[in-house]
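Q: Fit chain B to the known structure of chain A by using the hints.
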Amino acid sequence: MAALLELKDFHYSYGAIHVLKGISLYVNKGETVALIGSNGAGKTTTLRAISGLIPSQGMKNHIIYDGKPIQGKSGDKITAMGISHVFEGRHVFPKLTIEENLFTGGYLIKNKKEVHETIAKVYERFPRLKERRTQLAGTLSGGEQQMLAIGRALICKPRIILFDEPSLGLAPLIVKEVFKAIKEIKAEGTTILLVEQNSKLALKTADRAYVLKNGEIALSGNCNDLLENEEVQKAYLSGK
Amino acid sequence: MVIQLLVAALLTGSIYGLIALGYSLIYRASGIMNLAQGDLMCLGGFMGYTFYNILGLPIFGAMLCTMVSMFLIGCVLERIVVRPIFNRNVSSSALILATVAVSYIVQSLELVIWGGAPLNMKSFLKVQTITFLGVSYQTESLLCIGVALLCMLTLHIFMKKSSFGIAMRAAAMDPIAARSCGINVDQTNRITWAISTSVAGLAGILVGPLYGITTTLGTAMSTKGFASAVVGGYGDMYGALLGGGVLAALETFAAGYLSSSLKQLVAYVAVLIVLFIKPRGLLNVEAVKD
Chain A
2 MAALLELKDF HYSYGAIHVL KGISLYVNKG ETVALIGSNG AGKTTTLRAI
52 SGLIPSQGMK NHIIYDGKPI QGKSGDKITA MGISHVFEGR HVFPKLTIEE
102 NLFTGGYLIK NKKEVHETIA KVYERFPRLK ERRTQLAGTL SGGEQQMLAI
152 GRALICKPRI ILFDEPSLGL APLIVKEVFK AIKEIKAEGT TILLVEQNSK
202 LALKTADRAY VLKNGEIALS GNCNDLLENE EVQKAYLSGK
Chain B
1325 MVIQLLVAAL LTGSIYGLIA LGYSLIYRAS GIMNLAQGDL MCLGGFMGYT
1375 FYNILGLPIF GAMLCTMVSM FLIGCVLERI VVRPIFNRNV SSSALILATV
1425 AVSYIVQSLE LVIWGGAPLN MKSFLKVQTI TFLGVSYQTE SLLCIGVALL
1475 CMLTLHIFMK KSSFGIAMRA AAMDPIAARS CGINVDQTNR ITWAISTSVA
1525 GLAGILVGPL YGITTTLGTA MSTKGFASAV VGGYGDMYGA LLGGGVLAAL
1575 ETFAAGYLSS SLKQLVAYVA VLIVLFIKPR GLLNVEAVKD
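If you're matching them up, the sequences are chains A and B in order.
Quick note: the first sequence uses my numbering, first residue 2, plus one each step.
Quick note: the second sequence uses my numbering, first residue 1325, plus one each step.
Looking at chain B on its own, in the form it has when it is part of the complex:
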């Protein structure tokens, strides 16, 4: 049972991690919480459903199309909502409220376009389970974990090795110095929003086989993603992934060994304990912008 629970935890954890990643990247770049993160994830799920179930694209094609569409939506969001408010130099609460507004608008649009009934993704693979060393695994879960890890690895390489990735990190640390290095900070911020939205969209597809896709899922996932980001160390990319894994493991193992009605209780008491012991999160990230 341990191994099955571990796979389940990895799957949930990679979804939480992907949402948390968006929280942290945006916090670093724009200094705010993007509370639309969960609903953008749902939008990705609906798009994935459209590309995969309705248009019949192969699963990897559907994932790619969803990520590209969500990337563009992230760009638009930054350009028409975030940037105009940010440029007014108002308090960050105005910007956070704007993201709340976006989350409700996205939710309503989903309701209009895809309706209120939960949608179920077709299964991603023909072979449902494989057995390895006497333990059987759901192939779909393994695929989703693999895709999530690949996405994280790609992002890691992009942020560490590419000139633009390094510039994005520099701009998030010190926008003025970044500008004086010739970095167009508006552009790096826009791409940050786009990547965060795109990654949340991928989480939306991966969530499909797990929970089905509904408009109400966003709010719950938003909280999970936020909790993961903070537990890991708010603003840190790797902390977000770690936090997602830890939160998911707590939930999954509590559900597996105790009772599923206790899983939230156990997980969030543990979250509080982390906050008491390491208020800056597991990776000890400074809460202030540096």
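Next up, chain A with everything else stripped away, as it sits in the complex:
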């Protein structure tokens, strides 16, 4: 099976700082793949490079999506191709209402009736958002903002969603709820690339995983194998 998304020996530098040093990874259609590793390993940079949200000058080699190279395209074009991004820190639009935030997620869809139908589905998934639809997003709690960010990413009916640290800064109960939603999205057949500092949670959610260390892939494999792996246990799973 051809991969939906593939990085081939991909490098990224912020000026003189070499952040990604030749990353190769792939995500098959329908698969959920986790990218774990400590802070500063390059996880967020990887996702942002895929989404076209960091300057293309620092990129070297290819990011292949659906058989075509996409590295260096602008973020709005990449979203238009079916790649959605749920940001670390959520990045909801604070002074737009919940409904406006979701509506903005469907910016590229010409048929606004379809957008409203998809918004209704998001409300079914997250009833709390529906109750607060006219409230400004900036007034929501962290967990509600995360649900809104996920909802917003779903509106344009993406083929693949990139999740960046969805559990960050959330209370355990809320994390549970967020990951329940991620598993549902996975079950519906959407392809997922998940970056998560809570490695155990990531490995329990995904099918396969890559371990990123200092800008390089240190390990990769099936999540079940990685959960058993001594090195992984020692470095990433202890205390969690």
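There may be inaccurate statements among the hints.
What the hints assert, rightly or not - Here are the computed lysine-lysine pairs in the DSS-like style, where the Cα-Cα straight-line distance is at most 30 angstroms:
(1) Lys74/A with Lys214/A
(2) Lys111/A with Lys1485/B
(3) Lys158/A with Lys1446/B
(4) Lys111/A with Lys1587/B
(5) Lys74/A with Lys30/A
(6) Lys1485/B with Lys96/A
As the list claims (entries may be wrong) - Covered, in the sense of this in silico footprint (three residues per stretch, anywhere, with C-beta under 8 angstroms from a C-beta of chain A), are these stretches of chain B:
(7) 1375 to 1386
(8) 1497 to 1504
No lab work stands behind these hints: they were computed from the structure.
Beta carbons: idealized from backbone N, C-alpha and C, even for Gly.
A: Just chain B, lined up with the frame of chain A:
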């Protein structure tokens, strides 16, 4: 007298408000002050004069043509001046200086094309005054207030209800998240500059019957617009309009009840008081970009 002063204040206030609107929209989108705002307003005045007095278009036609021309000028300005400097990721002072340069260039071009003498617009309406409940009003003032309010209302509906308007607000709040929603942020920024320029141009026509049109008017109006925007809450569309109204009311009533030589003094002491009490402006807008 109160009612006449109120009408005068509304007229001046809507002009200040329209200029302030441009300041706030551009600040939200590009994070800078566009100090060319006042001179772009003048350019609108000169264009309005050309369409109305010289080419003989009806007044609403002249307004529309001016707004469309100014919209295009705003697009060009963003494309050839703002964007290239913005893309270099330099400090915002470079970009602000660029707008100063634009303001002088616009002023000089006006001088070359229309000359230095003040131009007077033909009156907009045949009937000069109407009397209602024993008070007589200048019809021109009422027309100008009406047009300004209509423009503000249209903009409000556009920003709140249209997909592109919501996208413009989203892009101004968080460009990266906006891009990931599929919004072309360069495009929304360009339209922001275009709308701001267009609205300033409309203010330029409305100012015609009030002050006449001169190249030097821009600098003064630029300050008024900026003050209005900050007093209302810098970066907030509605704050800009409110600030324009408040500043104009202070000036007008000070001139009416005290003396016209005191109007600036009263108005700007009040501005300082607002800054002391509510440094974020009347609508309490956060000064930082969110």
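Q: Mind taking a look at whether chain A covers the stretch 1497 to 1504 of chain B? Criterion is 3 or more residues with CB to CB distance under 8 angstroms.
A: It holds, with 7 qualifying residues against the three required.
Q: Under the criterion that the straight-line Cα-Cα distance not exceed 30 angstroms, is the pair Lys158/A, Lys1446/B satisfied?
A: Violated. Lys158/A to Lys1446/B sits at ~57 angstroms, over the 30 angstroms cutoff.
Q: Given the proposed pairing of Lys74/A with Lys30/A, does the C-alpha separation stay at or below 30 angstroms?
A: Satisfied, since the Cα-Cα distance of roughly 22 angstroms is no more than 30 angstroms.
Q: Taken at face value, is the distance from the CA of Lys214/A to the CA of Lys74/A at most 30 angstroms?
A: Distance ~26 angstroms between Lys74/A and Lys214/A Cα, so the pair holds.
Q: Assess, step by step, whether the Cα of Lys111/A is no farther than 30 angstroms from the Cα of Lys1485/B, and give holds or violated.
A: Given that 30 angstroms is the threshold and the Cα spacing comes to 15 angstroms, the pair holds.
Q: With a Cβ-Cβ cutoff of 8 angstroms, does the stretch 1375 to 1386 of chain B contain at least three residues near chain A?
A: violated (count 0)
Q: For the pair supplied as a hint, Lys111/A and Lys1587/B, confirm whether the alpha-carbon distance does not exceed 30 angstroms.
A: violated (52 angstroms)
Q: Would the hint linking Lys1485/B and Lys96/A be met if the CA-CA limit is 30 angstroms?
A: OK: Lys1485/B and Lys96/A at ~15 angstroms, within 30 angstroms.
In this structure, the earlier hints numbered 3, 4, 7 are contradicted, and the remaining ones agree with it.
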